[in-house]
Structure formats: C-alpha cells, structure tokens
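2 protein chains.
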Amino acid sequence: MSDNSHNILIIGFGTVGQGFFELFNSKKKELGLQNVRISEIVDMRYGHIKSPGEDLLKNLPSQKTPPVDVLKVIRESFCDIVCEFTWVDFKTGGPGYDHIKTALSSGKHVITTNKGPITTHYDELNELAIKNRAELRFKGTVMAGTPSFNILKLLPGAKVLRFRGILNGTTNYILNEMSIGKSFEAALRDAQQKGYAEADPTNDVDGFDSAAKCAIISKILGWPHDFNGIEIKGIREVTAQEARNGTKLLVYGDPEKAYVKPVKLPDDDLLSSIRGVTNAIEFEIDTLGKIYSVGPGAGRIETAQAAMTDLLDIIS
Amino acid sequence: MSDNSHNILIIGFGTVGQGFFELFNSKKKELGLQNVRISEIVDMRYGHIKSPGEDLLKNLPSQKTPPVDVLKVIRESFCDIVCEFTWVDFKTGGPGYDHIKTALSSGKHVITTNKGPITTHYDELNELAIKNRAELRFKGTVMAGTPSFNILKLLPGAKVLRFRGILNGTTNYILNEMSIGKSFEAALRDAQQKGYAEADPTNDVDGFDSAAKCAIISKILGWPHDFNGIEIKGIREVTAQEARNGTKLLVYGDPEKAYVKPVKLPDDDLLSSIRGVTNAIEFEIDTLGKIYSVGPGAGRIETAQAAMTDLLDIIS
Chain B
1 MSDNSHNILI IGFGTVGQGF FELFNSKKKE LGLQNVRISE IVDMRYGHIK
51 SPGEDLLKNL PSQKTPPVDV LKVIRESFCD IVCEFTWVDF KTGGPGYDHI
101 KTALSSGKHV ITTNKGPITT HYDELNELAI KNRAELRFKG TVMAGTPSFN
151 ILKLLPGAKV LRFRGILNGT TNYILNEMSI GKSFEAALRD AQQKGYAEAD
201 PTNDVDGFDS AAKCAIISKI LGWPHDFNGI EIKGIREVTA QEARNGTKLL
251 VYGDPEKAYV KPVKLPDDDL LSSIRGVTNA IEFEIDTLGK IYSVGPGAGR
301 IETAQAAMTD LLDIIS
Chain C
1 MSDNSHNILI IGFGTVGQGF FELFNSKKKE LGLQNVRISE IVDMRYGHIK
51 SPGEDLLKNL PSQKTPPVDV LKVIRESFCD IVCEFTWVDF KTGGPGYDHI
101 KTALSSGKHV ITTNKGPITT HYDELNELAI KNRAELRFKG TVMAGTPSFN
151 ILKLLPGAKV LRFRGILNGT TNYILNEMSI GKSFEAALRD AQQKGYAEAD
201 PTNDVDGFDS AAKCAIISKI LGWPHDFNGI EIKGIREVTA QEARNGTKLL
251 VYGDPEKAYV KPVKLPDDDL LSSIRGVTNA IEFEIDTLGK IYSVGPGAGR
301 IETAQAAMTD LLDIIS
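So the protein sequences, as listed, match chains B and C.
Residue numbers for the first sequence, in my numbering: 1 to 316.
Residue numbers for the second sequence, in my numbering: 1 to 316.
Calculated from the structure, these hints are not laboratory results.
Just to be clear, a hint being listed does not mean it is correct.
One copy or two, either will do: identical chains are not told apart, so a pair holds if it fits within one copy or between any two.
[Unchecked claim] Heads up, simulated SDA-like pairs for lysine to any residue below, C-alpha to C-alpha not over 25 Å straight-line:
#, residue 1, residue 2
1, Lys264, Ser316
2, Lys29, Asp254
3, Lys153, Leu312
4, Lys261, Gly47
5, Lys29, Trp223
6, Lys290, Asp269
7, Lys219, Glu76
8, Lys219, Leu57
9, Lys290, Thr15
10, Lys64, Phe184
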C-alpha cells in the first residue's frame, strides 16, 4: 500500500502466535512499523479477537469460546497480511492449508511457520500466490529464525550443487544423549520432559519433520523432490554404539536425489560438531564451496523472529 | 538509473579484479544484467583498459604500461559504480582510500573488498557516501563472499549483544598444523607455499587482519571500537601445547570492548571445530541466542562473489 499501512490477521494463537504478538509489539517502534497493526486474531481456544491491545497476553480469555468460521473471517477481513500459525499435519496439510489457500485467493499475503501446508501443497500454493499477486513466505518452516534457505538471497548468482543438514533438534538431542550413555527411551523421555519432543514423537524420531524441511528446501531450489518421494529413515534403530561414533540424522538433497537417514559423520565434518537441539545447514555452491548456517531450529521467540523477517520482506 | 543501465570501473586488476571480471561475465545473463557493463579497468600493470571484451583475460597486455592518473580517471569516468580492488594498507588506508574518496565525492557508488580504507577511514567515507547519495559496500572485507555481517539483514529487529569469530584463515591454518605437530615456522612456510600467507606475514600472524575485521563489524553495529583501540595479540607466542589444546585466534566484540587474541576454546564451542583456512562468525542476538555463519574467508572467486553480492544490492 502506498501509505505503508498494513493490517495483520493472526490465525492460531498458541506458542508461536503469542511469541510473534509479543515480538512484534516490542520491536515495532524501532523498526518503524507504526502503521502496521495486528488487528485481528482467530484461535480455537480464544475465538475471534478484534483490535487486540498490547496487553492482550495478560488478559487472555480463560473460557473456551464458541467455534469461529475461520475461512469466513479470512475472506471478510480487511487485513492484507495473514499469519498462519496453526498445527502441523504432514498428511493433508491440515487446516493451515485451507487457511492459506483462502487467504491467497482473496489476494492477502501469507506468512506461515507451518510446515504442513508448504510440504504437502507447495506447488499449488505458490501458483495461487503468483496468480493473486500475493506473497507467500515461510522462512520459519526451516530452522526457525536462524538464516537457512534465505542466506541464498545474500549470494546472487550462486548455484547450489547440494545441501546437507541437521534440521531436527529433537533427534539431534536424543542422539547426543545416547552418545553419552542414555538409552533411546530414556533420552526420548528426557526430550519430552524438556519440551523438545511432543507426546507423540513420530514426526521427529521417524524423520518426517526432517523430510518436510528437505522437501521445502528442494522446492525453493527448483528441484523435483516431493515429501512423498524422499527416502526417509528415522533414528529408532540407531544403536548406542552408532550414536557414540558420531551418527546423526542427516538431511541430504541434490538435483537428483534427497534423503533423510542416520549417517555416521567423520569427526572433521562440521556437522558432526552440532550438539543438542541446535540445527545446521550446509550448502555447497559453485562460487564458495561449502558454507554453513548454524543456530536454534525452534522456540517461541526464535520462530517469531522468522515471521518478523518475512513480514519485513513483504512490507519493505 | 531509471533504465537500469550501469557502467562499472574496476580499479586494481589482480586476483580479485580478474576474479570479479570472470564471475560477472559468467553470471550476468542469468542475473538479468544485460544493461550492466564493465566499461573501464585501471591497473598499475595493465594501464587504462577501455571497453574490455569478455575475452580480456586471455589477452592481457604483457608489457607494463605507463602510469595512469587514477584519480583523474575516476573523476572523469562516466561510470556510476567503482570497484576498488587494490592492495591493503592498514596504516594509511593506501591508494584505495583516495580512490574511494574520489569516487564517492563524484557521486559514484563504491564496492570494495579492500579492508585498508574501511578500517582506517570508515566514519569519513560513510559520511561522504551519505552526503553524495552514493552507496559504499564492502561485504568482501569480512569472510569474502561467505555471509558474515550481512546475515543481520535477514534478522530485522534483532539486536546483536556480542560477536566472536575466527576471521583469519592463515592463522587458523597455522594453529591447526601446529596442533598436529608442526613448528610455527614450518607451518608458516607451509601456509606461504600454499598461497595462504604472504611473504611478509605480519598482517596475519600479528593479528592486524583479524583486528581490521573486528573494527569493521563493530562499526557496522554502531559500536565505538576503532582499529587503533582494539587490543591485539597475534599467534607468534602460541606454544605447541596450546595449539594442541584448542587455542584459536579469537576475534571478540561487544558494545564495551573488542579484542583479538589467542584463546583456548572448550571442545563444545563450535568455533573450536573450525579447521584449516575456514572462517566462522558467531553473533549472539536477543531473539535467537547464538547463530553462526561458516565458510571460506578468502580466494579469487570467493571474494568476487562478495563484490557480486554488493553489486546486486546496489542496482536492485
């Protein structure tokens, strides 16, 4: 918009939604975003909140509200930017898929940190965005706010030959704990207690989360690997001995193939030094050889940073 | 320019200048730079070359040419972008300082990979750029084309609390070789034979090159550390034992202080895993904690990539 004013609709007000709300309000002044407002929030628990005050997080309604017709809200909202922060579903894309489709179809820009819709429907959503002259941004789907595929914007003309990564903090944490003596089960329980792993750890330990990120990066690079075409092996069969020897859950992609599987990395491989829940990506490119970006891959404010990065990209 | 046409003047046609010439010509088509030309080159050895053909590198004049009045060429050139690729001088800024000053004063944008002028005269050159509405870009002064301070562009609103880095490949290579049994002298000779170290290795082994990068990053972050105010200790006194124990030449900066000195890094510090001539930088920021960028810090095409990154920033 020519007056640089923007209105944001947040869908999904859990950890990431609230983190974004907090980060946006704390940074908007120094970023010169006085004309950008979070004007609506829709959430299963909190219902439809209009014109939220900056103190919203202290005054969240405690009672569950009646269901809201989210697609109707999206269509009828005067907001020009929709932030989709609902839960991940790798099978269908989940409600996030419908939210994003509806937003793009009505010409609204979309920022999401939700891997489900991007993994399952990238091509369709990307075409829809182009057709409706809307932006579709999803930095937060890979390594939260830590620079990942977006570092390629800093390398105009560079050609990616292949990439490798440790893109799931939960499994890296579990393998790390196994390497110092814990059983898989004990390490998993530990990860769950620390909030790294969910009650149903399938998406992490069976490699689906890593494969989703592999598919997303491949799509961005114009490579043909769909989520369903990626060879996936998780960490359930990794032995204590293998964990001690430096086995990591490796994500790999090149124009010909892509996989996720436990791989023993040599000691002089930088990826072998990635500890705990930290994520890392290596791009091998024609002009520089191997470059790496390393940092957190999850977290409330860490993921909110990704949405801020996308927001500034869209409005500037 | 509204028609998106640009003309580039290259000053200094050694390793970096020739690397940039080659990279620019190989990438210009896919980057849509048909209206961007390298229209002039000035070099001590090759003189003043006008409208060079793409096959220039195969047809470089073998005889030394008479001296050229470079400042006059800069002033009178119709080019709008000057690439400064001459040699480093940390005492005065060298001829590069005069070249950049003259270019900015005549309203021309400047791209440089030359640490000398930026280290010694950052404030003055920056003000001159602003006053003349010209861009001054110097990505290549820190970690060549590998993302370094420019990753902060991917993190709007994020506040840097401190940074640490291994920003000199030569000393990291020497310490690495010492850690596996070589003497300092043997490792230095080896580095010189491999082309990592210069005949006079002072700038590298005494820490000046690292300190220059420390000063440049500090300036970008708005911190008060000048090159001359940075505590500098090189690697000449590092013992074999210290090298084996993981001592690295560490660059550190926060708003209060900045230094370059050999530091023993613990094994679980990612910077301790940086081998050979590879460079690495860690930024600790409010929204993400510690993030890292790792990759080559020197090289012909690697440094040319930095100038390409700056070029695309300026013209797009």
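Taking the hints in turn, this is what the structure says about them:
1. Lys264 with Ser316: Intra 43 Å, inter 43 Å, cutoff 25 Å: neither.
2. Lys29 with Asp254: between (42 Å within a copy, 24 Å between copies)
3. Lys153 with Leu312: both (14 Å within a copy, 10 Å between copies)
4. Lys261 with Gly47: neither (41 Å within a copy, 56 Å between copies)
5. Lys29 with Trp223: Between copies only: 21 Å across chains, 40 Å inside a chain, cut-off 25 Å.
6. Lys290 with Asp269: both (11 Å within a copy, 20 Å between copies)
7. Lys219 with Glu76: neither (31 Å within a copy, 48 Å between copies)
8. Lys219 with Leu57: Neither: 36 Å inside a chain and 37 Å across chains, both beyond 25 Å.
9. Lys290 with Thr15: between (34 Å within a copy, 21 Å between copies)
10. Lys64 with Phe184: Neither. Shortest intra-copy (38 Å) and inter-copy (69 Å) distances fail the 25 Å Cα cut-off.
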